[in-house]
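Please build the complex by placing chain B on the supplied structure of chain A, with the hints as guidance.
2 protein chains.
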Amino acid sequence: MSLSYYSQDLHGPFETFSLGDFELEQGGKIRNLELAYATFGQLSTKKDNAILFPTWYSGSSKVLEQVYLGPGRALDPEKYFIILVNQIGNGLSTSPSNARPPYDAARFPAVSIGDDVRGQHKFITDKFGLSELALVLGFSMGAQQTYEWAIRYPDFVKRAAPIAGTAKGTPYTRALVDNFIEAITSDPAFDGGWYKEARDVHRGLRRHAGIFILAGHTPVFFDQGLWKKIGFSSLEDFVTGYAEAHFVPQDPNNLILLLTKWRDYDAGKSVCRDLAGALAQIKAKTFVIAIEEDGYFSRAAIAHEQSLIPNSALKTVSSSWGHLALFGADQAFYESIDTTLKELLGGS
Amino acid sequence: MSLSYYSQDLHGPFETFSLGDFELEQGGKIRNLELAYATFGQLSTKKDNAILFPTWYSGSSKVLEQVYLGPGRALDPEKYFIILVNQIGNGLSTSPSNARPPYDAARFPAVSIGDDVRGQHKFITDKFGLSELALVLGFSMGAQQTYEWAIRYPDFVKRAAPIAGTAKGTPYTRALVDNFIEAITSDPAFDGGWYKEARDVHRGLRRHAGIFILAGHTPVFFDQGLWKKIGFSSLEDFVTGYAEAHFVPQDPNNLILLLTKWRDYDAGKSVCRDLAGALAQIKAKTFVIAIEEDGYFSRAAIAHEQSLIPNSALKTVSSSWGHLALFGADQAFYESIDTTLKELLGGS
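So the protein lines, in turn, are chains A and B. 1355 is the number that this note's numbering gives to position 127 of the first sequence; each next residue is one higher, with no gaps. 1521 is the number that this note's numbering gives to position 293 of the second sequence; each next residue is one higher, with no gaps.
Chain A extracted, bound-state conformation (with noise of 0.2 Å):
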């Protein structure tokens, strides 16, 4: 199940780049951690033109590509060479439901946000030689790598746009990620990571779903019934056939591995600063993008570090869609996020 979900027919092509071993920051190794990645477009001969856009939570590649890229938006391949690169855990990437026994399922090491940039730089200087990115951006989980890229390689990253998410959880965010893992984790089938078929999990996939939709969505959302806009007609329709139908095909340790990495990022800790400290050295133009209705970060967490930030500025899209307005359905959202991104680019 989950090696069939987690394929190239689903969210391919991708391709593959071997780190060899690596060593995480929490003290784990990964045995050949491997980057799923699609690029897209051409590197210029001065390779002043690279974009990087790592992944969100439970999300591949493909979402983004699906999204986000095309001839005329701001994520040209006509004009830039644009990296879509699988966090570590999602699936693609090395991860608890593809590693080799023994370092598989619930022994697959901690990860952190800082272990997943560490490996995407190596990847993107060993493999085309960069030594800059036009821009790093990400929503969400994305939005985590966006931070510590350009605070961890301040000189590399010439133009960053955090979506959506946060350079450090807040109690909030911690809140609202315990009730995910505990979803999934209180299934008895889940068995401490030990579950034999990753769908003998669904009850607690379900149950994540649930929660999942009720926060990454908003009253109006549900009241007005915007999932008709999406092709559901009723809400039991769209708990099922949008909710489950994603995260139950998934891998319970890949969204664990995932959700813990999401709770625990702190963009301080790599360079051993508190927030303002890890902030302040960033050098990109940053657009720091908040959704005004978000339900998983909240806007004034997001505001209070963008203060922070030297060279940048707040920029606030409002969707009744909430933070999963990022899945690109609400079409004036996504013209918001185009718009602002283009914005950005087109600047110094």
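In case anyone wonders, no lab produced these hints; they're calculated from the structure. Just so we're clear, the structure is a prediction, and the values are computed from it rather than from any experiment. Be aware that one or more of the hints could be misleading.
To be verified - Covered stretches of chain A, going by a simulated chain B footprint (3 or more residues, C-beta under 8 Å):
#1 1297 to 1307
#2 1426 to 1439
#3 1447 to 1458
#4 1519 to 1529
All C-beta atoms, glycine included, are put in the ideal place defined by N, C-alpha and C.
This is chain B only, laid out in the frame that chain A set:
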């Protein structure tokens, strides 16, 4: 565990009124329905100063007394005869946890808000000989009961204050309450409601508590650590010492009964009308009170309903505590409610 929690020690003093066998709207029958209640103040000789204040989800008459009653307040026992009544299934009135076998636990019949209000009507007419209420008010599920009162007995209710609740469930509220129900019933120890001891289901109750506070408070509440104002030191301390402490001693079947009642309430049902038709029947002077940041009942849904009530006004109160501001810890919220109720009671 359940029996000691639902006790006079913790929730009293309260009295009970027996309604005998009581037929329910959905076809069941409660053998010897008893409503637990507490009264404050004196009924005037004209019997025109009675206020009815039913309970919210998972609360008893005790918390209403402690938070909202007192000399100089809107609900002043020196001026009014105040009846606090416990809804069916809350553990003090007849409930799954205290009904006699074979009508107990998972076999307790389905109850609706309409049943509560019919029972309360019989109780206060038989016991006190009332033919009018100066005010019916309630928060959350108490707002549902308030709406039902004002619609079912329009000449009886002179003033109504439904606070932070709706006359008809919305898809968002349904999604929310379904998550609450799933959190409890998914605990294997729940066993279809046939657990031996309520506390065996503590994992499900804790899970429920986690989602309850997540949506019940606001991101600002969490991120500013407002729990410090009520004596908790951290997120963990608050989750365990406040949310879990509230739910773990309660009876899972009681909570499921209340949640089902909450989820399925539709004010139009009992009068065979649609929502607009039902609300148009209200004769009471009505202040509909919404919490701006409410994560259980959205302001938009509440405002829409208010627009359908003839002699009504919408009052919006803001609180970073969100829906659960009703517990009274936010002094500014409390003062706003008190002032609004005084205005309503002061009018003709």
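The hints, checked one at a time:
1. As drawn, the stretch 1297 to 1307 of chain A meets chain B at 0 residues by the rule of a beta-carbon pair under 8 Å; below three, the given contact is violated.
2. Coverage of a stretch by a chain is defined here by at least three residues with a beta carbon nearer than 8 Å to that chain's beta carbons; for the stretch 1426 to 1439 of chain A and chain B the count is 4, and the condition holds.
3. With 6 residues bearing a CB less than 8 Å from a CB of chain B, the stretch 1447 to 1458 of chain A meets the requirement of three and the coverage assertion stands.
4. Only residues whose beta carbon comes within less than 8 Å of a beta carbon in chain B count, and the stretch 1519 to 1529 of chain A has 4; three or more means the coverage holds.
Hint violations for this structure: number 1 only, all remaining hints satisfied.
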